[in-house]
Amino acid sequence: MEAFALAASMVFNVETLLTIFLAAVFGLFVGAIPGLTATMATALLVPITFYLAPIPAIAAIISCTAMAITAGDLPGTLLRIPGTPASAAYVEDSYRLAQKGQAGLAIGIGVVGSVLGGLFGFLFLLFTAPMLAKAALGFSSFEYFWLAALGLSCAALISSGGMIKGALALLLGLFIAQVGMDPLTATPRFTFGSIELMGGISFIPVMIGMFAVSEIMRSGRRAMAEVPQMNLKNPFKGTLPALWKYRKNQIRGSIIGSLLGALPGVGGDLAAWITYSLAKRTSKEPEKFGKGHPEGLVEAGATNNAALSASWIPAMVFGIPGDAVTAIAVGVLVMKGLDPGPTLMTLHPENFYAVMIVFAIANVLMLPLGWVAAKSARWIFEVPRALLNAAILLFCIVGSYSMNNSMFGVILMLGAGVIAYVLEARMIAIAPIILGIVLGPLVESNFTTSMMISDGSLLGFFGRPVAAVLGVVTLLIWSIAIFQTVRNFRRGDDPIEPDVR
Amino acid sequence: MDSVLGLLFALGGVAIFQQALSLHPLPGMNVGPGLFPSIVGLAMALMGAALTIQGWFFRDEAEEAPPLITWFAVGIVVAIIGAIVAMPYLGFLVAGTIFSIGIVLISRGGWLSALIFSPIATAAIYFIFTTVLRVSLPHGLLG
Amino acid sequence: MTLLKKLAGALALSVLAIAPAVAQYPDHAINLIIPWAAGGGTDATGRIVANLLEKELGQPINVINRTGGGGIVGHTEISYSPPDGYTLGIITTELSMYHWIGTSPLNYENYEALALFNADPEAVYVRTDGPTLDELLAEIRANPGSIKASGANLGGMAHLGWAGVLTTNGIDPADAPWVPSEGASASLQLLASGAISVVTTTMPDAQPMVDAGEVKPLVVAANERVASAPDIPTAEEALGNKWAAYAWRGIAAPKGLPEDVKARLTEALDKVLTSAEFTEFMAQRNFGVDYRDAAGFEAFMQDADASIGTALQAVGLAK
Chain B
102 MEAFALAASM VFNVETLLTI FLAAVFGLFV GAIPGLTATM ATALLVPITF YLAPIPAIAA
162 IISCTAMAIT AGDLPGTLLR IPGTPASAAY VEDSYRLAQK GQAGLAIGIG VVGSVLGGLF
222 GFLFLLFTAP MLAKAALGFS SFEYFWLAAL GLSCAALISS GGMIKGALAL LLGLFIAQVG
282 MDPLTATPRF TFGSIELMGG ISFIPVMIGM FAVSEIMRSG RRAMAEVPQM NLKNPFKGTL
342 PALWKYRKNQ IRGSIIGSLL GALPGVGGDL AAWITYSLAK RTSKEPEKFG KGHPEGLVEA
402 GATNNAALSA SWIPAMVFGI PGDAVTAIAV GVLVMKGLDP GPTLMTLHPE NFYAVMIVFA
462 IANVLMLPLG WVAAKSARWI FEVPRALLNA AILLFCIVGS YSMNNSMFGV ILMLGAGVIA
522 YVLEARMIAI APIILGIVLG PLVESNFTTS MMISDGSLLG FFGRPVAAVL GVVTLLIWSI
582 AIFQTVRNFR RGDDPIEPDV R
Chain V
-17 MDSVLGLLFA LGGVAIFQQA LSLHPLPGMN VGPGLFPSIV GLAMALMGAA LTIQGWFFRD
43 EAEEAPPLIT WFAVGIVVAI IGAIVAMPYL GFLVAGTIFS IGIVLISRGG WLSALIFSPI
103 ATAAIYFIFT TVLRVSLPHG LLG
Chain Z
2 MTLLKKLAGA LALSVLAIAP AVAQYPDHAI NLIIPWAAGG GTDATGRIVA NLLEKELGQP
62 INVINRTGGG GIVGHTEISY SPPDGYTLGI ITTELSMYHW IGTSPLNYEN YEALALFNAD
122 PEAVYVRTDG PTLDELLAEI RANPGSIKAS GANLGGMAHL GWAGVLTTNG IDPADAPWVP
182 SEGASASLQL LASGAISVVT TTMPDAQPMV DAGEVKPLVV AANERVASAP DIPTAEEALG
242 NKWAAYAWRG IAAPKGLPED VKARLTEALD KVLTSAEFTE FMAQRNFGVD YRDAAGFEAF
302 MQDADASIGT ALQAVGLAK
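Protein chains in written order, with the working numbering: chain B, 102 to 602; chain V, -17 to 125; chain Z, 2 to 320.
By construction, these hints were calculated from the structure, which means they are not laboratory data. Glycine included, C-beta positions come from ideal geometry on N, C-alpha and C. Some hints could be false.
[Claimed, not checked] Mimicking DMTMM-like on lysine to aspartate or glutamate, the simulated pairs with C-alpha atoms at most 20 Å apart in a straight line are: (1) Z:K272 with Z:E260; (2) Z:K256 with Z:E110; (3) B:K235 with Z:D130; (4) B:K389 with B:E525; (5) Z:K263 with Z:D130; (6) Z:K149 with B:D556; (7) B:K235 with Z:D212; (8) Z:K263 with Z:E281; (9) B:K346 with B:E386.
[As the list claims (entries may be wrong)] Example chain B residues on the side facing chain V (calculated, C-beta under 8 Å, incomplete): (10) L269; (11) S295; (12) M299; (13) G321; (14) R322; (15) I520; (16) Y522; (17) F548.
Excised from the complex, chain B in its bound form (with noise of 0.2 Å):
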């Protein structure tokens, strides 16, 4: 308890309670600027992280990310630009909250339900972070390949499409994900001799063109009268109410979003996939997922944030990162001489403490930030769509220009817009391809090495007893969907909607 005392006077102190202020600020800040992510958010806090103390200095990454990763909600919830590929998950129904005058219930469920998610995460944290990344090394490249393979079939199959453009979509994501070099022996794949596909197509581009521009060209035309005004008072009216009523929902997505963002190199991207594919599979009313209801916002929205919060783990506890931003706070550990690894826990406890405060300060910050920024949102709504079209599509242009400076993002994020326009006339979900994109290496990288190490033998994917489960889970999963939508085209009932219990 002497430690937890230490570790409390460190973090409660001006400087560093100012920082994690301003942290929390920014982060909202470059979170809901569509196009900008928390990575992003994050690398440019690095180097004002240098002139900050240790603890200072990992609690301005810490609540810049979070708040970063919530506000990313915000341009999802209002434009359809989901902030990241895990908020890509639930975009459509938040999108078409709004789109229904509920944009502050919409971005409550996302704040409260994210807070409630996040503080969840760090309770379990606190208890079990030894422990859980003792459980996370003992996963090999087999058991990483089913559990990708599980998050694909999971998006692909709760699409509204139905099984096989569900399927189409995600294979196109995969093969997306395949142009450039392939991550294992860099030999470039349908690079067609260009330098910059040689690079590979970045997801961020194709994530703001398949969802923003598209938007744009199919409804940009239309007035913004039909947009009813949302409650002014207090925008997230409605929200304790929804999130009581889907007290299971929450609880569960904060839950499995703790043991799988424990996971290095998987994390929350994945998590909350699985849950809302998993909410609208046990779901009374799985019809209204995707148009508009909070049911698999409020547990994809929990999952999200306790992710976030279990994805420290793995940093922590081994120095092993499990994404971008946590590689990122690892290097500003390091650098301040609070070494991540095993000797964190045990010969400077009152750090990891501390580390601990700052989690559960920047949580319950963000609910008076969420706030003021769900109140500010409707200003969105009150400025005339042809000014709001142009301000977006700069936004769009800008951001797929400055993820490697150069033009061909913006040519990236123009043909993702046209194919997305193309593919969601016909009902093909968008969502399936982006998870493609953002998985295709990890899935297909750890099925490669897989098949290496057993020698070409598919057997070797399930001689390990969590592989063999979660690969028979996911066989199960596919053979359920095919016998489906079979039994219903035989019946000649029409497949687009097949029964999804």
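Place chains V and Z on chain B using the hints.
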């Protein structure tokens, strides 16, 4: 319409598969960079074929969908292409302002608001990205 | 309120960057391209160099991670950039390999060498409950193919380090196949989970897992023992056959840099790379410091190029 899309996917899948077969494993490896793409290509060809068949049997509901090619959608695409071509020469401030005016006008906005809004929005975005976020945008004429 | 002062300082620094100046090089921000992802060793060391160099040159240095294709994308970008001193890059061991394997025509002659700042030997790791070095080699001799090794990409320094340990002891590298991975942390994860048996990587990369008690080093492919791990024998001590494989990192510019710019940079780098701050950081993370000036770095890369070509031919990867 679904059948056409399915056919396109099926052909794309075959093309991917065929391309993937030309990628050989490196010496000493039993598995090569072409394995995963060939699986994806094959699956895409099969699913595309399934969609073609499915679309053929459930043709009826498709016809009442809103037209895909609208003058507005084409306008957006043309404006973005214009911006891509012009920005390296004119720079972000000039090209962005012209682009913004164009978008406001095809979105049925007024001339006045287009002329007032565009330079301000462009300059504000330019300021945020170049000074606060340290992203360097094309300077072009003003560089 | 030291924080406010510091923030004000940072702000002033960025305002300075915006103000137009006609002074000599550098008069605006410099981009530093790192061909590997954020969070890795190259990124960590590259950023610390950037941070110190920024103070020395008085201009901000933007670090850009240009990843992909086993570093080729970033390396290519550095070599293609205008040689005006406003684009610099960190170049790494892999540069000596691309043209031998045939993945890219790039080699050291495409760059203006500025300074080498880091070199680390490859070491061989097994799980903590794993075999000794003699047991390991005996197992490979008895059951070819049963031991799988990993560490990084195919034909990378980690791969060559492992192949060298085998060939110098009369074992065909194909008897203990290499499983390429995206990097040291992915390979160490495979080792810890029991999917493979051996990982070769540099000591700083493996340090967290060693501290965690998951893996242990057996032998280091170095000319002499490493100061941070004095108990680990060199290949010559453990096996009787000399073998050394170092992964290195240096800073370079595109070919054709003006002389005055190069002089300014090498002078600044000399201060930065010999500073106490830099040495302390490198020691903290167990990175080995190997500082060589522009001419020394150029000669070093020339040597490395030739010796790696020989090693790659031995493994059958050179074209």
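Status of each hint after checking the structure:
| no. | hint | verdict |
| --- | --- | --- |
| 1 | Z:K272 with Z:E260 | holds (19 Å) |
| 2 | Z:K256 with Z:E110 | holds (8 Å) |
| 3 | B:K235 with Z:D130 | holds (16 Å) |
| 4 | B:K389 with B:E525 | holds (18 Å) |
| 5 | Z:K263 with Z:D130 | violated (51 Å) |
| 6 | Z:K149 with B:D556 | holds (10 Å) |
| 7 | B:K235 with Z:D212 | holds (13 Å) |
| 8 | Z:K263 with Z:E281 | violated (26 Å) |
| 9 | B:K346 with B:E386 | holds (14 Å) |
| 10 | L269 | holds (5 Å) |
| 11 | S295 | violated (15 Å) |
| 12 | M299 | violated (14 Å) |
| 13 | G321 | holds (6 Å) |
| 14 | R322 | holds (5 Å) |
| 15 | I520 | violated (11 Å) |
| 16 | Y522 | holds (7 Å) |
| 17 | F548 | holds (6 Å) |
In terms of the numbered hints stated before, the structure departs from hints 5, 8, 11, 12, 15, listed from lowest to highest.
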